[in-house]
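Novice: Residue-level listing of the chains:
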Amino acid sequence: MEFFQHVLNALQFGSFYALIALGYTLVYGVLRLINFAHGDIFMVGAYIAYFVAIMLLGADGVAAGAGLSPGLTLAITVPVTMILTSLVGVTLERTMYRPLRRKGADRLYVVITALMAGLILENGNLALLGASRKSFPELLQKVVWTFGGVSVTNLKVIVIVAAVVVFGLLQFIVTRTKIGMAMRGISYDKFAIPLMGIPLDTIIVFTFILGSSMAGLAGILFAMSYPILEPYMGALIGWKAFIAAVVGGIGDIRGAIVGGFLLGFIEIGVVAVFPSTLRDLFAFSVLLGILWLKPTGLFGVAKTTKI
Amino acid sequence: MKNMTVKVLLAVLALALGAFALTGCGKDGDVIKIGFNLELTGDIPKVGEASKFAAEMLKEDINAKGGLEVGGKKYKLEFVYQDNEAKAESAVNAALKLITQDNVVAIIGPNSSKQAIPAGGACNDNQTPMVSPWSTNPDTTKDRPWVFRAAFLDPFQGPVAANFAAKQFGAKTSAVLFDIANDYSKGLAEIFKTEWEKKSGAGTVVAFESHGTKDQDFSAQLTKIVAAKPDFIFVPDNYNQVALIIKQARDLGYKGPFMGSDAWGSAELMTLCGKECIGQFFSTHYAAAGAQGATKEFIDRYNEKYKYVPDDVAALTWDATRLVLQAIQEAGKVEKDIKTERKIVRDALANIKEFAGITGTMKFHGTGDPDKCAVVVQISPEGKFEFKESVCP
Amino acid sequence: MQKHTFTITMFAGMAVLAVLAQLGVINQYLQSVIMLMGVNIILCSSLNLVNGYMGEFSCGHGGFMCVGAYASSLVTVLCFSKNHILGAPLLPDSLALLAFPLALAAGAAVAAVAGLVVAVPSFKTRGDYLAIITLAANYIVISAIDNLEIIGGPRGFMGMNATVNAMNDLVQIPWMLLWVLGGTLFSVWILRRFVSSTLGKGVPAIAQDEIAAEIMSVDTNRMKLIAFMLSSGLAGLAGGLFAHILGYVNPHSFDIMKSTEVMVMVYLGGMGSLSGATLSAVLFTVLLEVLRPLEIWKWVVIPLLLILLMQFRPEGIMGNKELSDLFPKLKKYYSFK
Amino acid sequence: MSLLEIKGLTCRFGGLIAVNDFNIELGERQMVALIGPNGAGKTTVFNLISGFYQPSEGAITVLGKDTRGMRPHQVTSLGVARTFQGIRLWGEMSVLDNIRVSQHYRCGYSLLDCFLRTRKYMLRETEIERTAWELLEAMDLKDCAHELPRNLSYGLQRRVEIARAMSLKPSLLLLDEPAAGLNSADVEGLIKLVRWIHDTYPVTIWMIEHQMKVVMSLCSHIKVIDFGATIADGSPAEIQANPAVIKAYLGDDTI
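Protein sequences, first through last, are from chains A, B, C and D.
Each residue of the first sequence is one higher than the one before, counting from 1 in the numbering used here.
Each residue of the second sequence is one higher than the one before, counting from 1001 in the numbering used here.
Each residue of the third sequence is one higher than the one before, counting from 2001 in the numbering used here.
Each residue of the fourth sequence is one higher than the one before, counting from 3001 in the numbering used here.
Among the hints, erroneous ones may be present.
[Said to hold, decoys possible] Quick list of in silico lysine-lysine cross-link-like pairs, DSS-like style, CA-CA up to 30 Å: (1) B:Lys-1167 - B:Lys-1199; (2) B:Lys-1333 - B:Lys-1074; (3) B:Lys-1073 - B:Lys-1033; (4) B:Lys-1193 - C:Lys-2082; (5) B:Lys-1336 - B:Lys-1353; (6) B:Lys-1033 - B:Lys-1076; (7) B:Lys-1384 - B:Lys-1363; (8) C:Lys-2124 - A:Lys-190; (9) A:Lys-142 - B:Lys-1384; (10) D:Lys-3142 - C:Lys-2321; (11) C:Lys-2082 - B:Lys-1343; (12) A:Lys-190 - C:Lys-2321; (13) A:Lys-142 - B:Lys-1255; (14) C:Lys-2321 - A:Lys-103; (15) D:Lys-3247 - C:Lys-2332; (16) A:Lys-142 - B:Lys-1214; (17) B:Lys-1065 - B:Lys-1343; (18) C:Lys-2321 - A:Lys-294; (19) D:Lys-3142 - C:Lys-2332; (20) D:Lys-3142 - C:Lys-2329; (21) B:Lys-1076 - B:Lys-1336; (22) B:Lys-1296 - B:Lys-1167; (23) C:Lys-2003 - D:Lys-3142; (24) B:Lys-1296 - B:Lys-1255; (25) B:Lys-1305 - B:Lys-1275; (26) B:Lys-1076 - B:Lys-1065; (27) D:Lys-3169 - C:Lys-2331.
[To be verified] Stretch by stretch, here's where chain C covers chain A in the computed footprint (C-beta under 8 Å, at least three residues): (28) 206-216; (29) 246-254; (30) 289-297.
[Unchecked claim] Some chain B residues judged to face chain A by a derived CB distance under 8 Å, without partners named: (31) Ser-1210; (32) Gln-1221; (33) Lys-1224.
Worth flagging that the hints you see were computed from the coordinates, not collected in a lab.
Predicted model, so just to flag it, every value in this text is computed and none were measured.
Note that beta-carbon positions come from the ideal geometry of N, C-alpha and C, so glycine has one too.
Work the whole structure out from these sequences, hints included.
Specialist: In C-alpha cells:
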C-alpha cells in the first residue's frame, strides 16, 4: 500500500516539475534560450492568483472584495492569472531579451539577463510585499478518498490531469498547427524564417505567452496544493524543473513531461527506499548517470555535424 | 567608439572604488551606536525583519525618553542595521563593517548559526561584544569571551520536548521530520532522538526523516512516517514548513498529534496553517497568550505597531538588546575611546548574573550561554499559544 | 625592462597593501573586503577558463570551491587545532607557516580531482547537457557534506583560526591578506601563462571549432581535462582561502547561489578575458559592499544595474579583449605573459 | 613502405553503404584526385582516413601503422593533414594563432613547463612561432598575420586553411574541394599554390575536386567513385574517355 501511495505522490510532484519544465522547453525549443526567470514567473503566477482570489473572495480584509463563492472565484482566477502571468513573461521578453537579441549578443548573455530578471522578481517582491508569507485561500473543498490505506485528494487528481492535458494541448499546438510549425522552424534557422514571410517576433511573443501562461497555471495549482506563498518559492523548483527538462531532452515537449515525472519518481523513490537525508545525493547521482549514458537526454537528438 | 564606452566604464569603476575607500568616517556625539547584523534578505528574511522591528521599537521607546541614562547623563541611541543576506561571508563583512566603519559599541545578531558562528569569530578577534538572539549552536559562543546569546541551547530543548510528549500523549514510539540543511533543525532532531531512545528504548524512534530547506512537498517522507505508525511526530522545523507538513500529513490519513519546537513560535503559523494546527504542542521561550507584565506589554505594543503577534526572534532580539543596554548602564560611564568602551561593556555583560527578560529569566555562568526556562504551549482553538507547562534547568 | 614591470608593480602593490594594513591605515573591514575580492578574482578568472575560453556553460563552480574549502580546512585542523573528533594537533605551531600553503595546495588538488566528475562527461557531451552535469555535481557535493557527520554536516566546520593564529604568533603581520593576494596573483599568473601558450590556445580552438581542433592535432579530451581540472583546482584554492578568512565553513555557503554569482561575474567581465574577469570581480565585490545601505533593495538594484550594463555592452565589459588590447600604449610599459 | 595503404575499406551508416570496398595505395610525393558525383562518399573516405569515422570493415595503414581505433588527432600526428569542404578556421583567433595552434602535437612540453616558462618551453614555442612565420611568409600571408580570419576574403581564407594544414608538416595532405566557392582568378592562384607546395615540400597531395580544370592540370592519377564503389581508376586521359564515368556523371544517355 505504501508503494501505491508513493507512486501517487511522485505523480503529483512530478506534475509540477513537468508543468514548469514545459515552459523552459517551449522557450528553449524556439530560441535556444534558457529562460532562468521561468521559476520566478511561476512564483509571480502564484502571487497573482493569490491577489485575484482574495480580491474576488473578499477575504483577508480586502474591503473591495466582490464576495464571490469559492467555486466561481476559481473559475475566474484561472484564466485571469494565466493572462496576467503571460503578460509578465512577454514584458521580460520585450524589455530585456529582445534588445539583446537584436544586438547579436552571445546567447549566454541573454541567459544571464534572464537570471538577473529572476532575481529582480524575487527580491522586488520581497521589498514590496514584505517578508510575511501569504496563505492561499481554499478555493476548492478538499475531499480525501482513501482506498485501503492509500489517500488521494481531489486536488492531487486535478494536478495530474492538468499536467497531462497541458502536455496534450502543447503537443498538438507544436506539431499540428501552423504557428507550431513556425515555432519549430525558428529553432532550425532563425534567419531564414523572416524570409519565408513568417513574423519572427510575433511567433516568439506567442511562445512566451504560451510558456508563461503554463507557469501561471502551475502557480495556481501549486498555491492550491501547498498554500504558502513566499518570494523564493520558485527558485528551487525552477532549477529542478530546468534539470528535468534537460534530462528529458530540452526543446522536446515529450522530454519535458517525461523528465518532470522522472525527477518526481526519482526523488520520491530515493526517499522511499533510502534514508531521506541522502535524497539529493542519490537523486542527482542518478540524473548524472542518465546524462552519462544518454548525453543528449532521453528525447534529445544528437546534432550530427557535417564536415 | 566602443573603446570609449570601456574607458567610461573603467573611470566609473575607479571613482566607485575611491568613494568606497572614503566612506564610513562618521562623527560621534552624545550617541551610543549599536550594530545589528541581520538576515534581511536571503533564505530567512522574516527573521531579520522581526529583529529589526523589535529593535526599532526599543530604540523609539528609549529615545522618546531622552535617551539611555548612563552615569547620570542621557545618550541618544543609534542603531545601525547591516544586511548579511543570510550568507556566512557577508555576515563577517557586515560585522567588520559595523566594528571598524560604523564604530558600534556592541553588535546584536546574526540570528542563524550559519552566520552567527563566523561573525562571532570576527567580533571576538576584534574585541567587540556580540549577542546573538536566536543562535542555538554551541560553537557560537564556545571559547569566545566576547560573544553571548539570549536563547537556550538545543541540548536543553530536546529533552523538554521528549519528556513532555511522553507524559502528555502517553507515547511509546515517535517519528521525527526535520530539515537536513538547517543545523538548528538537524541538531534538535538528533538530540531528541538520543533522548527518546534513552527513555523508551532503542528503536522507538520509528521514523527519522529529513527534507531540504526550500522543499514544499513532504509527501514521500510523511508516507513513510505514517506507515511506521508512530504515537506522535516531532517536527523541529520552521513554522512555514510546519504548516505544510501538518496539512500534508492529514491528507495522507495521519490522525495523531504533533510536537514542535521554538521555531514554531510565530504569529504567522496560524495564518498559514489554519485549523489543522489547533491543539498541537510546542516548546518555546514564552507563551504569548496569557503572558503578563512586561511580556504582555511588549506583545501588545508590537502587535499594534506591526499588526502581528511577535515571533520568538522579535522577543529574543528585544531581550538581547536590553541585555546590552543594561551592560552599558552598569558600566557606569561612556568612554570616549571606542575600544575601552567595548571592553567595559563586555566586562559588564560578563558580570550580569541574572537578567529578567520578556522571554523569561536568564542566568549566566560565565560561558555566554543563558540558563532559562522553556515553556510548552498548546495552540488554542482561537489560534493563541496557551501556556501548558514550564520546564527549568 | 617592460618584461618585469608588471611583476614588480604587483609585488610592490602587495607590499604597500600589507604595510598599510599593518599600520592600521586599512582597517579590518577593508581588509576583509579586499580578501573577498581576491577570492572572487580567483573564482571568476578560473571559471572564465571553462565558460569563457572553452565556451562551455559550467554552473557548479561553487561545488569545487566547497571541496577545496573542506579539504584544506581538514588538513589545517588536523595539523594545528584540537578538534573533538579529529583529535589533538599533529604538528607544532611553528610549522604553520610552512604547512599552510601545502594545505591550500592539497585543497586545490582534491578539488581538481573532483573536477574529473565534470571533465570526463565533457568528452561526450557539451552545452546545456554539460551544464546540468555541473549543476548536479554542485548539488551532490553539498548533499554529501550534509551527510558527513564527522566534518559537522550542515552545522559547518571550524577550527581553521588556530592555523592563522599560529602564523600570527610567529610574526604579527596580516598573514591572510598576504596569502590571499599571493593566491590571487598566482592564479591570474598561471592562467595567463596557460592561455597565452600554444598548448593553452587549444582551449579556445575547441570553443570555436571542436572538429577542426581535433583534426588539427589538438588532443581535445586532454585539453578538456586540463581546462576543467585547472579551473576546479583554482576554485579549490579560492575555497581554501575563503575558509581560512572566515575561520568557518558551511556547505550551504557554496550552493547554487554562489555558483550563479561567479557565473554572473564571468559574463559581466567578458568571455575569454582575464582582465575582464578581474575587473568584474572587483566591481561586483565593491557593488555588494557599497550598496549595503539599500538593504532589501540592494538585490533589486544590483541585477538591474547588471542588466543595464549588458544592454549597454552585450559582450561584457571587456569582450574577449585584454586591457593591453584596448589601450595599446600600455604595451610600452608592461608585458604580462 | 607506402605512405598510405587502404584495403577493402567499407563504411556503413545503418543500412546505407557509404563506402564500399575502397582500395588505394599512395607513395611519396604523388598528386592524385578522388572524384565522383555528389553523395558518392568522397568526403566519407577522407573522414575515415582522418579517424573521424571508424571503418566498418577494411584497414587503413599510414606509414605502416594501422589507424583503426585511433582518434583524429593521433592520425594527424602521424603526418596526415586535411582541409575541409566548408572552411573551418578558428574565427576568433588571429591567422598567426590559427597556424600556431595547429602545431599543437608538436608542443611537447608539460603543463608545468608552461607555467614555469622553462628552457624547453621557450625552445618549443620559438620553434612553433618560427615555423608559423616561415609558412606565412612563403604563402604570402604575412600581411594578414594579425587579422581575424573572418575578416578575410574567401580566397584568402582558403589559403590560410591550406597554410594551417601545411604547418603540421604532413607527408599526406588531403584537400577537400579546395576550389569550391572560388572565382576563376582565385582558382588560378590555387592551382599555382598547390603546385608550388607539391614542388617545395615532400608531400603527397590527395584532393577531392569537382572542377575538372584543377584536377586535370594538377593530378597524375584519378580515382572515381559512385555510391561508395570505385568505378574507374587511371590517368586523366583514361578517365576522360571512360564511359562508366560519363554515365555516373551524366546518367544513361538513352533518354
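Novice: Indicate, hint by hint, whether the structure satisfies it.
Specialist: How the hints compare with the structure:
1. The straight-line distance between the Cα atoms of B:Lys-1167 and B:Lys-1199 is roughly 12 Å, inside the 30 Å bound, and the hint therefore holds.
2. A C-alpha spacing of about 11 Å is found between B:Lys-1333 and B:Lys-1074, which places the hinted pair at or below 30 Å, so the restraint holds.
3. The suggested pairing of B:Lys-1073 with B:Lys-1033 holds, with an alpha-carbon distance near 16 Å, which does not exceed 30 Å.
4. With a C-alpha separation of about 28 Å, the suggested pair B:Lys-1193 and C:Lys-2082 falls inside the 30 Å cut-off, and the hint holds.
5. For the given pair, B:Lys-1336 sits about 27 Å from B:Lys-1353 by alpha-carbon distance, which is consistent with the 30 Å threshold.
6. This hinted pair checks out: B:Lys-1033 and B:Lys-1076 have alpha carbons roughly 9 Å apart, not beyond 30 Å.
7. Proximity of B:Lys-1384 to B:Lys-1363 is assessed by CA-CA distance (about 28 Å); at most 30 Å being required, the pair is judged to hold.
8. About 27 Å separates the Cα atoms of C:Lys-2124 and A:Lys-190, which keeps this hinted pair within 30 Å; it holds.
9. With a C-alpha separation of about 25 Å, the suggested pair A:Lys-142 and B:Lys-1384 falls inside the 30 Å cut-off, and the hint holds.
10. Restraint check for D:Lys-3142 and C:Lys-2321: satisfied, since their Cα atoms lie roughly 23 Å apart, inside the 30 Å limit.
11. At most 30 Å may separate the alpha-carbon atoms for a hinted pair to count; C:Lys-2082 and B:Lys-1343 meet this at roughly 28 Å.
12. Between A:Lys-190 and C:Lys-2321 the CA atoms are separated by roughly 28 Å; this keeps the pair inside 30 Å, and the hint holds.
13. The hinted pair formed by A:Lys-142 and B:Lys-1255 meets the criterion: a straight-line CA distance of about 16 Å does not exceed 30 Å.
14. Our distance criterion of 30 Å between C-alpha atoms is met by C:Lys-2321 and A:Lys-103, whose separation comes to about 19 Å.
15. As the CA atoms of D:Lys-3247 and C:Lys-2332 are separated by approximately 67 Å, the hinted pair breaks the 30 Å bound.
16. Restraint check: the Cα-Cα separation between A:Lys-142 and B:Lys-1214 comes to about 25 Å, which is no more than 30 Å; the hinted pair holds.
17. Taken as a hint, the B:Lys-1065 and B:Lys-1343 pair is honoured in the structure, with Cα atoms around 27 Å apart against an allowance of 30 Å.
18. Between the alpha carbons of C:Lys-2321 and A:Lys-294 the distance comes to roughly 37 Å, so the proposed pair goes past 30 Å and is violated.
19. With a C-alpha separation of about 24 Å, the suggested pair D:Lys-3142 and C:Lys-2332 falls inside the 30 Å cut-off, and the hint holds.
20. With a C-alpha separation of about 24 Å, the suggested pair D:Lys-3142 and C:Lys-2329 falls inside the 30 Å cut-off, and the hint holds.
21. Proximity of B:Lys-1076 to B:Lys-1336 is assessed by CA-CA distance (about 15 Å); at most 30 Å being required, the pair is judged to hold.
22. For the hint pairing B:Lys-1296 with B:Lys-1167, the CA-to-CA distance comes to about 29 Å; that is within 30 Å, so the pair holds.
23. In summary, the hint linking C:Lys-2003 to D:Lys-3142 is supported, as the alpha carbons are separated by about 26 Å, within the 30 Å threshold.
24. Our distance criterion of 30 Å between C-alpha atoms is broken by B:Lys-1296 and B:Lys-1255, whose separation comes to about 34 Å.
25. Taken as a hint, the B:Lys-1305 and B:Lys-1275 pair is honoured in the structure, with Cα atoms around 26 Å apart against an allowance of 30 Å.
26. The hinted pair formed by B:Lys-1076 and B:Lys-1065 meets the criterion: a straight-line CA distance of about 9 Å does not exceed 30 Å.
27. Between the alpha carbons of D:Lys-3169 and C:Lys-2331 the distance comes to roughly 33 Å, so the proposed pair goes past 30 Å and is violated.
28. Judged by the Cβ-Cβ criterion of 8 Å, the segment 206-216 of chain A is not covered by chain C as claimed, because only 0 of its residues qualify and three are needed.
29. Here the segment 246-254 of chain A counts 3 residues with a CB under 8 Å from a CB of chain C, which clears the bar of 3, and the coverage holds.
30. Proximity of the segment 289-297 of chain A to chain C, defined as three or more residues with a beta carbon under 8 Å from a beta carbon of that chain, is established by the 5 residues found.
31. At about 5 Å, the closest approach between the beta carbon of B:Ser-1210 and any beta carbon in chain A falls short of 8 Å, and the interface hint on this residue holds.
32. Contact between B:Gln-1221 and chain A, as hinted, is supported at the beta carbon level, the nearest pair being about 5 Å apart and thus within 8 Å.
33. The interface hint given for B:Lys-1224 holds, since its Cβ lies 7 Å from the closest Cβ of chain A, which is under the 8 Å cut-off.
Checked against the numbered hints above, the structure breaks hints 15, 18, 24, 27 and 28 and satisfies the rest.
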